[in-house]
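Colleague: Listed below, chain by chain, are the residues.
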Amino acid sequence: MNARFALLLWLLCLSALLCACASKAPAGLSYYVLGENTTTRAAPVDASLPALVLESVTLADYLQQSGLVLQQGEHQLQVSRSHLWAEGLELAVPEVLLGALREASPQYRYFLRGRDFVPESRYGLRLHLAAFQATDTGEVVASGRYQVVEAAAGREILNHQFNLREDLRADGYPQVVRQLRELLAQLARSIVNDLPGSRPSSNDPPVSAEPARVAP
Amino acid sequence: MSDVAPTPARIRRVRRLSGLWLIPLVTLLAALVMAYDNYRSRGPLVTLHFKSGAGIEANRTLIKTLDVEVGRVEEITLNAALDGVIVAARIHGDFRHLLAEDSRFWVVQPSVSLAGVSGLNTLISGQYIEFSPGKAGRVSESFIGLDEPPLTPLGTPGLAVTLVTDGDFSFAHGDPVYYQGTVVGKIEEIRYDFHAGRTYYDAFIEAPFHELITPQTRFWKSSGVQAELTSAGVRLETGTLASLLLGGVSFTNPPGVIPGEAPKVESEFYIYSSRDAIYDHQYRESLRYWIMVSDSVGGLTESSRVMYRGLQVGRVLSTDNIPAGRNLLDRTLQLPILIEIQPGRLGLPDTAVGSARAKADIENWIRDGLIATVGSQNFLVGQQQVELQYQEGAKRQDIEYFNALAVIPTDLGSIGRFTNSIEALLVKLNELPVENALTGVSELTRQASTSLARMQDLLKSTQDLVAGERSAALMQQLDATLASLQALAESYSAESKASRDMQRTLQSITEVMNQFRPLAEELRNRPSSLVFPSTPPPEAQPLRKQP
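Top to bottom, those sequences are chains A and B.
First residue of the first sequence? That's 3 in the working numbering, and the numbers climb one at a time after it.
First residue of the second sequence? That's 309 in the working numbering, and the numbers climb one at a time after it.
Read the hints as simulated data drawn from the structure, not as lab findings.
Among the hints, erroneous ones may be present.
To be verified - Heads up, simulated EDC-like pairs for lysine to aspartate or glutamate below, C-alpha to C-alpha not over 20 Å straight-line: (1) B:667 to B:638; (2) B:529 to B:510; (3) B:853 to A:76; (4) B:853 to A:184; (5) B:853 to A:169; (6) B:853 to A:141; (7) B:372 to B:455; (8) B:853 to A:63; (9) B:853 to A:138.
My request is simple: use the sequences and hints to build the entire structure.
Modeller: Given below as structure tokens:
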């Protein structure tokens, strides 16, 4: 046999072998949305109500990616490769929080800075999420800090740290997502309750929100 | 039994050749005919000189044209100087007529570069020598092999042009020439003129784009990214990815130029540094002269202008030329200033002919009394320039030379003339009707003080108005309006589409970068993981607390 032909045959075999090694059935991916996928009833909005504007929501760096996070131990995180957010948290959290605020108190009109046209507002809200995940001890955690300023005076009226925890009621990521959303609802209730002169809309469970330590 | 006398045998000598001998004879004849035919039909043995024999093997390496075998290497030896190899190759007789003087030979081997991948087929077929037939009439049998394949095959329709730079930037062999982003040619040869500090590039523009080249065509360096910050925002200009990586030369025609007017043979084109610079005029020819200055050369810098009748005709090249053996402490020292005059600016053709004519004319002018003076170009910053002019009624004089260049005499009386002008100015100042003016000024002052008193009254009444109730309400309203205006401005700036888009884009980029991070880290730790992926350990799942 011609030596060149043999070489060609070898090359073909080798490349076939390489292809066989390289190709591997992709793992099944699951995508999750944080918000409820049900259309909410459009309630008539009273234009005379004061406005509360969600100015910004910032996330810890490790939350700005598509994998769901599982905290393992105190300092270790596992970012899932197969359980992914369908929408980035930086977009999903403001939406869900706004919905939760609306449900928590009808005393205000709520707007999202950057998305809605913002009228003259009474309060501005800024939220930073430091943790928003499940832990290997069987909990879901949402912690961080929120700040409310009176827009007209530019005065800070609330600056609270929060650390909301709940035991997982079932195994698996779908349950984690469900309970993370509940934690956001809990946070929304805590925020509107803390606003001066607010009337809570329902009997809320106590929230372990504590006043922020004021830095010297 | 009778005795029979034996008859003696008759011995006859056979003198005839046997017919059998015909066979070897015919065979020999046939062999001779075949050998002659073979000799006649075999082609010429050509000698090729290469710098290296890499990939060339005797009796195996083929000579090909357009992938058709036209010959075979028969022998390869080192040359006498041991700095190259001599390859003896037999070209088939049918292709004998292709061996013209300008035929080209080069070794085809696999090559991977930014410009592309070539010769990969030789990995399997083995390297071969490509032969590009020539067109010249004379036949040759000895050739210098090319180190690299010629970028443009012989006979390709198009136009060869020469591009020139002053050496501020450089191009490489094979860099592309673009017309409106399309590659239409390549740089083939690079030559240096060390004396003039210029680099010449021979480029070939392929048909039909060569028809776009006219004497007015402008070439510029088109590599890299061009960013410009203007009041309208940031303007970012990049070429294609290849031009970004490779660089290259672009060309265009100034508006109004009709393609079709062919450039003169061997015309040169200057490569401008950017597209914006192509309308700056470049002069090729220049003539150098000295001028000798007795007083200060302050304010004269390199590139200061040389003027004649109010128009720029050249520039100053250098000012710090203290002659050898002299020093600044010597009071009689005249400081030589080197200037250049560009014949193109005098309206003469910017060619060697124009230059020669300008040289002759200027030397005549110097004899007839052309002088140089150092005058002010800009009073505010003290910039100076060299002005050339005729001295009225000057005697015809000989040209002086300094460092082999002609010296344009300087006007010794320029300082005197300056003093005269100052004197004239002082006389005029003296004659000014200052007293009348002073009277007017005092009248003006009186009027001004009256106006100031009235202004004071006005301010007082304005103050009363502002303190009034109505104006307080007005101020409040104004305040509120301003506040809402500010709020509106803020909401617009934060909510503008551009700002949102920018934010969204940045978020996406961050997200993508984050997704790439694990891959990059994996690759850094285990480069083979791209081809042989490891099975990742199973992920932990969130589990509820065990009671």
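Colleague: Evaluate each hint against the coordinates.
Modeller: For each hint, the structure was consulted:
no.	hint	result
1	B:667 to B:638	33 Å, violated
2	B:529 to B:510	15 Å, holds
3	B:853 to A:76	17 Å, holds
4	B:853 to A:184	18 Å, holds
5	B:853 to A:169	7 Å, holds
6	B:853 to A:141	8 Å, holds
7	B:372 to B:455	17 Å, holds
8	B:853 to A:63	28 Å, violated
9	B:853 to A:138	9 Å, holds
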